[in-house]
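The number in this note's numbering is simply the position in the sequence shown, starting from 1, with 10 added.
Treat the hints as calculated values from the structure; they're not laboratory data. This one's a predicted model, so the numbers in the text were calculated from it and none came from an experiment. All residues carry an ideal CB built from backbone N, CA and C; glycine is no exception. Incorrect hints may have been included.
Claimed, not checked - Straight-line alpha carbon distances no greater than 25 Å define the calculated DSS-like cross-link-like pairs of lysine-lysine that follow: (1) LYS83 <-> LYS38; (2) LYS184 <-> LYS125; (3) LYS83 <-> LYS125; (4) LYS156 <-> LYS83; (5) LYS74 <-> LYS38; (6) LYS184 <-> LYS156; (7) LYS217 <-> LYS184; (8) LYS156 <-> LYS74.
Claimed, not checked - Now the in silico label distances, taken between C-beta atoms and shown as ranges: (9) PHE34 <-> HIS164: 31 to 39 Å; (10) SER57 <-> LEU167: 14 to 22 Å; (11) GLN170 <-> GLU51: 20 to 28 Å; (12) CYS72 <-> ARG110: 37 to 45 Å; (13) MET59 <-> PHE34: 15 to 23 Å.
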Amino acid sequence: MMFPIFLLAHEHETFGQAHEFQLFLMRKILGARQARHPLHETRLVESDMREDDVCIWRGVQCTKGIVTGIVWKQGIRSISLQTVLYEWFPPSIETIDFERLCTRDYVETRCLPGKLRHFRVVACRLRGPFDMQTLPVLLEMLDIRKNDFSGVVHLDLLPQTIQIINLSGNRFTKALVCNHRLPVALQRAYLTQSDEVMFRCICTDEKTLDARLEVGNRSQ
């Protein structure tokens, strides 16, 4: 009868290791400087709450103790974050939903969780390029409206699961599109950029853009 006891002990140890790993990654998300301070200063937890249980952090969603989603929105009586390091999310995460965090960070899409299905980061002052060719393969919804992303976006190697794309209100100067490579699952892609930049959407395989792409001023 020792075998079941051994299994329970092993399962408990494995869960404990997963718990510690999650806590390590969630702390890394906050960056070294921010992580040195008590967590309640970010308002992710109350001052009298445990900081080592990430499932009770504000906006963190868990299933059986495993982090599956994070919803963080800045504002009055909400969280206060100085930075978010997007390369450190736990691999179990399926939903990231941020709004008005204003952290001015960069995003390496190749480092996002492989299980990610919904990625929404709106009005967070994110900047730099945004690589559309290395998105998580299970991604269904991408919404990066009202940031400061810039450069060229390539819409030829999108996840086959993607349904909604919203890149509007950024500073992209060009989008390169191959109509025949757009996923069948795609319902709509919103590409209109900030009025401050001259944006071109270029179709590389046909004379007109796929009707699912919405651009304020269609150019080829």
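Structure-based check of all given hints:
no. : hint                         : result
1   : LYS83 <-> LYS38              : holds, 19 Å
2   : LYS184 <-> LYS125            : violated, 29 Å
3   : LYS83 <-> LYS125             : holds, 22 Å
4   : LYS156 <-> LYS83             : holds, 14 Å
5   : LYS74 <-> LYS38              : holds, 22 Å
6   : LYS184 <-> LYS156            : holds, 16 Å
7   : LYS217 <-> LYS184            : holds, 16 Å
8   : LYS156 <-> LYS74             : violated, 34 Å
9   : PHE34 <-> HIS164: 31 to 39 Å : holds, 34 Å
10  : SER57 <-> LEU167: 14 to 22 Å : violated, 47 Å
11  : GLN170 <-> GLU51: 20 to 28 Å : violated, 42 Å
12  : CYS72 <-> ARG110: 37 to 45 Å : violated, 24 Å
13  : MET59 <-> PHE34: 15 to 23 Å  : holds, 19 Å
Of the numbered hints stated above, those contradicted by the structure are hints 2, 8, 10, 11, 12, listed in ascending order.
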